[in-house]
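Use the sequences and the hints to build the structure in full.
For the sequence shown, counting from 1, position 22 maps to 255 in this note's numbering; every step adds exactly one.
Simulated from the structure, these hints should not be mistaken for lab results. Treat each hint with caution, since some may be false.
In silico EDC-like cross-links for lysine to aspartate or glutamate, where the CA-CA straight-line distance does not exceed 16 Å [as the list claims (entries may be wrong)]: (1) K264 with E254; (2) K303 with E291; (3) K303 with E288.
Taking CB as the label site, the calculated pair distances span [said to hold, decoys possible]: (4) P242 with R269: 26 to 32 Å; (5) P297 with R240: 36 to 42 Å; (6) L259 with L289: 16 to 22 Å; (7) P261 with R304: 18 to 24 Å; (8) R246 with L307: 26 to 32 Å.
From the three backbone atoms N, C-alpha and C, an ideal C-beta is built for every residue, glycine too.
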Amino acid sequence: RLKWLSRQPPEKRRQILKRWERFRKLPPEKKERLRRLYRRFRQLPVEERQQLRRELRELRRLPPEQRRQKRQELRRRYFN
234 RLKWLSRQPP EKRRQILKRW ERFRKLPPEK KERLRRLYRR FRQLPVEERQ QLRRELRELR
294 RLPPEQRRQK RQELRRRYFN
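In structure tokens:
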């Protein structure tokens, strides 16, 4: 895993490490939930994965309430 990280450009490496640190601080049940979600995400076909990433990126522009609704809708659409 670390070999893979060392091959990343410095900026990306920083982002990855930040994300990892944030994940590490979470309580075990949240970690498990995220692991399950990510596992299911990895099982999606590549096109769907890319589409989901795009839609999640667009979420950032929405106000919090709409963001919540849209996230639930995406979760239903892709993971149920």
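Against the structure, the hints:
no.	hint	verdict
1	K264 with E254	12 Å, holds
2	K303 with E291	10 Å, holds
3	K303 with E288	9 Å, holds
4	P242 with R269: 26 to 32 Å	30 Å, holds
5	P297 with R240: 36 to 42 Å	37 Å, holds
6	L259 with L289: 16 to 22 Å	19 Å, holds
7	P261 with R304: 18 to 24 Å	23 Å, holds
8	R246 with L307: 26 to 32 Å	28 Å, holds
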